[in-house]
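Chains as they are written, first to last, in our numbering: chain A, 113 to 398; chain B, 26 to 436; chain C, 600 to 920.
Source of the hints: derived by calculation from the structure; they are not laboratory data.
Wrong hints could be hidden among the right ones.
In silico lysine to aspartate or glutamate, EDC-like type, Cα no more than 20 Å apart, as pairs [what the hints assert, rightly or not]:
1) A:K230 <-> B:D306
2) B:K428 <-> B:E417
3) C:K790 <-> A:E203
4) B:K309 <-> A:E228
5) B:K338 <-> B:E98
6) B:K388 <-> B:E139
7) C:K706 <-> A:E203
8) B:K428 <-> B:D316
9) B:K261 <-> B:D237
10) B:K394 <-> B:E407
11) B:K430 <-> B:D316
12) B:K290 <-> A:E239
13) B:K261 <-> A:E239
14) A:K200 <-> C:E903
15) B:K290 <-> A:E242
16) B:K266 <-> A:E242
17) B:K396 <-> B:E384
18) B:K369 <-> C:E624
19) B:K261 <-> A:E242
20) A:K230 <-> B:D254
21) B:K388 <-> B:E407
Covered stretches of chain B (chain C as the covering partner; in silico rule of three or more C-beta atoms under 8 Å from a C-beta of chain C) [what the hints assert, rightly or not]:
22) 118 to 129
23) 191 to 197
24) 216 to 228
So, partial list: chain B residues that the calculated Cβ filter (under 8 Å) puts toward chain C [stated by the list, open to error]:
25) E137
26) S150
27) L153
28) E157
29) E160
30) R161
31) L250
32) A308
All C-beta atoms in this analysis are idealised placements derived from N, C-alpha and C, irrespective of residue type, glycine included.
This is what each chain is made of:
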Amino acid sequence: MPLLQAILDGLMLGGVYAVISIGLTLVFGVISIVNFAQAQFLMVGMYVAYFAWHFLGLDPIFGSVISFIVVFLLGYGVQHLLIRRVLKAPEVAQIFLTVGLLIVLENLALILVGSEFKSVQTWSQNESLEFAGLIISMPYAIAFLASGVAGVMVWWLLAKTWWGRTVRATAQDPMAAKLMGIDPEKIYRMSFGLGVALTAFGGAVILPYLTVSPSVGEQFGVLMFTVVVLGGLGNVLGAVVGGLAVGVIQSLSGLFLPLQLQNMVLFIVFILTLAFRPEGLLRNKS
Amino acid sequence: MRENNPIQTAHIHQEGRRQALKGLSALGLAGVLPLSAMAQPKTVNVGVILPLSGANAQFGINSRQGIELVADEINAAGGLKGLGGAKINLVIADSTSTPNNAATVAQRLIAENECCAILGAFASSLTLAISEVTERRGVPLITMSYSDQLTGRGFKNVFQVTPKGSVIGRAQFNFAAELSGGTSKVNKVAILFEDTAFGTSTAAGLRAAAKDANVEIVMDEAYPLGITDVTPLVNKLRASKAQIVFPVSYLNDSLLIVRALRQQKINIPIVGGSAGYVIPDFAKALGDYADGVLSICSANYDLDTVSTERYRKRFNAFMVHEAVEHAVSLDVLIQSINAAKSAKTEDITRTLRSMTFTEGWAKTMTNGKIKFDESGLNIHAEPVMVQWQKNELATVWPPKFAKAKVISRNV
Amino acid sequence: MKPSKLLIALFLLLALGLPWLVSGEGYSIRVLTLLMLFAAMAQAWNIVGGLANQISLGHAAFFGLGAYTSTILLIRFGLSPWLGVFAGMAVAACAGALLSLPTMRLKGHYFALATLAFCEVLRAIANSWSSLTGGPVGISVPFVPNAGIGLMQFNSGRPSYYIMLAAVVFITWVYWRISTSKLGYELRAVKANVDSAEVIGIDTARTKMLAATISAGLMGACGVLYAQFNFFFDPDSIFSLVGISVRVALICIIGGIGTVAGPIIGAFFLLPLEEIFNATLSNKGAGVSQLAYGLILMGIILIEPRGLQALFQKFMNRGRS
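Please take these sequences and the hints and turn them into a complete structure.
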């Protein structure tokens with residue numbers, strides 16, 4: 113029973129990890145940038161939702177929409193002002209620009225908001241559903257549903273709309289896209305914005321069962337990268353599968369190993385995946 | 026609760042900064058002149074290192090308030106009598122929440138501010154790091170942290186006003202058993218603890234006591250201090266079928282755990298391990314759910330309301346144990362300086378060890394007196410069991426210290 | 600910019616004399632000592648980051664391995680830290696070699712990610728293997744009063760400074776030797792184009808692994824020295840991403856990645872700056888100085904990724920024309 117419970121919890125968590133990671137894989141797939149600061153946008157999203165709750169009394173489920181919008185705009189700006197400048201630069205520049213961004217975001221939060229942990233109080237925190245002897249915590253369930261809805265929307269956006277097609281075209285061949293009248297710069301801005309906004313959205317919906325602090329991103333950083341590497345960088349569907357897998361692995365690790373090692377299994381999976389995937393990991397856009 | 030007074034903090038901090046800048050501008054030449062060559066100092070610097078930011082900030086602020094209360098009272102009453110009325114100058118620094126920073130802060134404080142002693146740093150992990158510095162510099166460190174390691178390394182300059190963590194842990198178990206009507210009534214127990222020095226020491230005591238009583242420990246789990254999702258812990262707890270849980274936590278984790286237990290409908294009694302379970306924010310966050318929760322503690326304000334009520338009047342909250350213990354720390358330091366008629370570190374250390382303190386704030390600790398042994402432990406300190414009763418903490422066990430009857434809710 | 604013999608001599612003279620300008624007990628000597636240590640660490644990173652163009656975001660892993668190795672050996676077997684330096688170097692070097700096996704073929708970002716993950720693995724292990732490492736509580740170098748030089752414990756701050764100075768001089772010498780040797784030539788070939796390098800007969804795998812091993816070993820030695828100097832550390836501080844891994848990379852980049860003088864210039868620039876922030880804004884010190892790192896890092900990347908030396912050259916050239 114505890115095993116089934118752990119697997120169930122893992123799947124619920126995994127759904128959220130999926131939505132958080134879709135953003136990361138999207139950014140890579142379209143812009144070819146590995147955004148080391150992605151998890152910090154999650155933190156920003158969480159804080160936005162927290163303050164929406166604190167000052168406006170909004171449940172984080174609604175606050176997540178605000179997070180999405182705010183971080184989308186933030187991402188749009190970041191892409192235009194910063195990322196754009198290193199797209200053609202050597203790798204060392206690309207890596208350290210986003211690493212620098214990671215440090216800046218985290219410490220800005222620390223200075224502006226302070227380091228105390230903040231948590232919301234929602235009706236869902238004391239509730240749970242019982243189902244065949246298994247308990248589903250309400251915040252987990254809500255987060256999972258919200259993630260599902262968001263995931264479907266993203267899929268629809270990318271697969272079924274005209275805009276989605278232009279994004280995929282740009283990702284595949286920016287030169288050709290330009291020749292067809294698409295402005296790659298604009299696509300990059302929208303994609304980066306969308307990518308970080310999705311991660312922020314994910315952060316907001318998990319606020320009810322987590323506490324937010326400036327360093328909360330650190331827990332999700334390597335986790336997100338494990339998800340996208342498992343699923344294939346740039347592969348949105350892969351991020352979903354990877355997310356669920358990571359959720360379950362993490363949950364089972366928590367059951368069998370001491371808690372401090374919960375993420376270690378993930379990291380090892382991560383390194384091994386990187387090592388044994390053929391030829392430095394081909395991009396797989398979809 | 027009185028808000029963080031930025032002006033006061035800045036003022037005290039600026040003292041330290043001014044001194045630091047003076048020292049730096051003289052390129053450290055101040056270190057060349059021995060202190061004894063100067064005339065009687067008009068102020069005596071006391072270093073205070075506490076977590077004023079980070080997860081433990083609330084504990085740090087409470088502790089600082091306890092210290093400020095005593096410093097202001099003494100200064101208002103004429104300062105240090107043994108030094109001709111010299112004033113106490115608190116040099117307060119934020120340890121932050123990492124042991125490494127705490128050690129660096131201690132280095133800086135000692136090198137730049139000529140502190141006669143250091144008080145701090147609430148969290149055992151921080152205090153351990155600081156003690157490495159103070160021991161090597163021969164500066165006395167007076168603390169209420171209680172990890173066993175603090176007094177277990179043969180250090181000569183550490184003074185701890187509270188009982189050892191393992192002793193507290195043992196009492197946490199034994200008192201709970203006594204309150205339930207004997208260990209035969211307690212069958213399967215769960216121990217949850219944050220994994221730094223504080224939790225580890227206390228858990229060691231819990232474990233030992235349970236083993237001695239032949240009670241089955243069905244769960245014994247350390248969790249990382251910054252834990253944000255306690256669901257895996259709670260899953261394990263449910264799977265273990267424990268009948269009583271002994272969590273040892275700071276504040277964020279205590280709230281997470283209690284909320285999670287509530288949400289998962291696990292209604293077994295909770296007996297906390299002080300820190301997060303006895304701070305006013307615990308009751309504030311949990312409301313009615315906090316009422317009746319038991320916790321072990323190293324001191325409590327109702328043991329000497331004459332002194333502790335002065336805190337309540339000034340800061341609008343009851344004097345939580347870390348505030349009491351830090352007030353006590355400063356007071357024994359002051360009494361030592363007065364008795365030795367000197368603010369030199371060697372004299373203070375010698376006097377701290379030789380004196381038995383029965384006056385002033387020393388009376389608020391258990392047994393009304395304090396005496397430090399060879400390893401720095403206060404031999405008269407004993408743990409007490411407290412219970413939340415209508416947003417106040419009442420000492421309910423053992424009978425010789427109890428000020429109120431235990432209300433039945435959890436036990 | 601190749602430093603002339605005169606500049607080197609001047610620098611050494613200055614470096615040897617610095618500790619006598621400040622008190623041996625005060626805080627300033629601590630800052631100078633850490634400055635030298637971080638310059639040494641940055642130079643070690645430079646071997647893979649600069650010569651081999653492999654951006655490691657996990658160098659703290661080797662730093663921590665060195666620190667834990669020597670300290671555990673000291674505590675359990677009373678091994679003198681002077682010997683512990685070799686032990687720490689050996690363990691870290693092995694780890695470097697081991698890590699380079701699966702990561703060798705990885706390109707830029709992926710290599711960086713893998714090294715980051717490796718460091719996190721070590722941090723998690725250090726946090727949970729309490730019986731060996733003390734766990735999250737951290738570990739301290741035992742204090743033996745008046746033990747003296749045998750146990751690398753000193754009463755004044757100056758000997759530590761000279762030890763760190765020796766470290767940075769030695770590691771810089773190693774860097775220079777590699778750079779001007781066959782290995783350096785091979786590394787540059789690999790950096791330019793891996794496939795072409797293979798074609799002309801360079802065993803790129805062996806080359807990369809050699810560089811990784813040397814860099815890791817030297818970083819481990821620095822870890823031992825740090826442990827003896829600070830006499831206390833815990834997993835979160837010694838395996839820190841921002842505090843160690845990114846910091847040494849930043850120092851190297853600011854000074855000029857791939858140059859001999861880069862790490863030293865970077866350390867002289869960054870560490871005093873950090874201290875100024877700490878001293879003037881001590882209340883919010885932690886956040887502000889790290890924020891400054893982040894901004895400086897982003898700034899230098901956007902303005903001149905080749906570092907201060909290149910910036911200076913540009914400035915000089917502009918002045919001339």
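We went through each hint and held it up to the structure:
Proximity of K230 of chain A to D306 of chain B is assessed by CA-CA distance (about 13 Å); at most 20 Å being required, the pair is judged to hold. Restraint check: the Cα-Cα separation between K428 of chain B and E417 of chain B comes to about 12 Å, which is no more than 20 Å; the hinted pair holds. About 12 Å separates the Cα atoms of K790 of chain C and E203 of chain A, which keeps this hinted pair within 20 Å; it holds. At roughly 16 Å between alpha-carbon atoms, K309 of chain B and E228 of chain A fall within 20 Å of each other, so this suggested pair holds.
Between K338 of chain B and E98 of chain B the CA atoms are separated by roughly 13 Å; this keeps the pair inside 20 Å, and the hint holds. Proximity of K388 of chain B to E139 of chain B is assessed by CA-CA distance (about 30 Å); at most 20 Å being required, the pair is judged violated. Distance check on the hinted pair: K706 of chain C and E203 of chain A sit about 9 Å apart at the alpha-carbon level, within 20 Å; holds. Note on K428 of chain B and D316 of chain B: the hinted pairing holds, with a Cα-Cα distance of about 17 Å set against a maximum of 20 Å.
Proximity of K261 of chain B to D237 of chain B is assessed by CA-CA distance (about 24 Å); at most 20 Å being required, the pair is judged violated. For a cut-off of 20 Å, the pair hint linking K394 of chain B to E407 of chain B stands: about 11 Å separates their Cα positions. Simply put, K430 of chain B and D316 of chain B have alpha-carbon atoms about 14 Å apart, close enough for the 20 Å limit, and the pair holds. Of the pairs offered as hints, the one joining K290 of chain B and E239 of chain A holds, with about 9 Å between alpha carbons and a cut-off of 20 Å not exceeded.
The hinted pair formed by K261 of chain B and E239 of chain A meets the criterion: a straight-line CA distance of about 19 Å does not exceed 20 Å. A threshold of 20 Å between alpha carbons decides the hint, and for K200 of chain A with E903 of chain C the separation of about 14 Å falls inside it, so the pair holds. Using a Cα cut-off of 20 Å, the hinted pair K290 of chain B and E242 of chain A holds, with the two alpha carbons roughly 11 Å apart. For the given pair, K266 of chain B sits about 18 Å from E242 of chain A by alpha-carbon distance, which is consistent with the 20 Å threshold.
A hinted pair counts as satisfied when its Cα atoms are at most 20 Å apart, and K396 of chain B with E384 of chain B qualifies at roughly 12 Å. With a CA separation close to 18 Å, the supplied pair K369 of chain B and E624 of chain C stays within the 20 Å bound. The suggested pairing of K261 of chain B with E242 of chain A holds, with an alpha-carbon distance near 17 Å, which does not exceed 20 Å. Restraint check: the Cα-Cα separation between K230 of chain A and D254 of chain B comes to about 13 Å, which is no more than 20 Å; the hinted pair holds.
Taken as a hint, the K388 of chain B and E407 of chain B pair is honoured in the structure, with Cα atoms around 13 Å apart against an allowance of 20 Å. Residues of the region 118 to 129 of chain B with a Cβ under 8 Å from some Cβ of chain C number 8, which satisfies the need for three, so the listed coverage holds. With 0 residues bearing a CB less than 8 Å from a CB of chain C, the region 191 to 197 of chain B misses the requirement of three and the coverage assertion fails. Under the rule that three or more residues need a Cβ within less than 8 Å of chain C, the assignment of the region 216 to 228 of chain B holds, with 4 such residues.
Interface hint at E137 of chain B: satisfied, since its Cβ lies 6 Å from the closest Cβ of chain C, which is below the 8 Å cut-off. Interface restraint check for S150 of chain B: the shortest CB-CB distance to chain C comes to about 6 Å, inside 8 Å, so the restraint holds. Residue-level restraint check for L153 of chain B holds (minimum Cβ-Cβ distance to chain C is 7 Å; threshold 8 Å). Hint status for E157 of chain B relative to chain C: holds, with the closest Cβ pair at about 5 Å, below 8 Å.
For the restraint placing E160 of chain B at the interface with chain C, the shortest Cβ-Cβ distance is roughly 6 Å, inside the 8 Å limit, so the hint holds. With a least beta-carbon distance of about 6 Å to chain C, the hint placing R161 of chain B at the interface is held under the 8 Å criterion. Hint status for L250 of chain B relative to chain C: holds, with the closest Cβ pair at about 7 Å, below 8 Å. A distance limit of 8 Å between C-beta atoms decides the matter here; for A308 of chain B the minimum to chain C is near 28 Å, and the interface restraint is violated.
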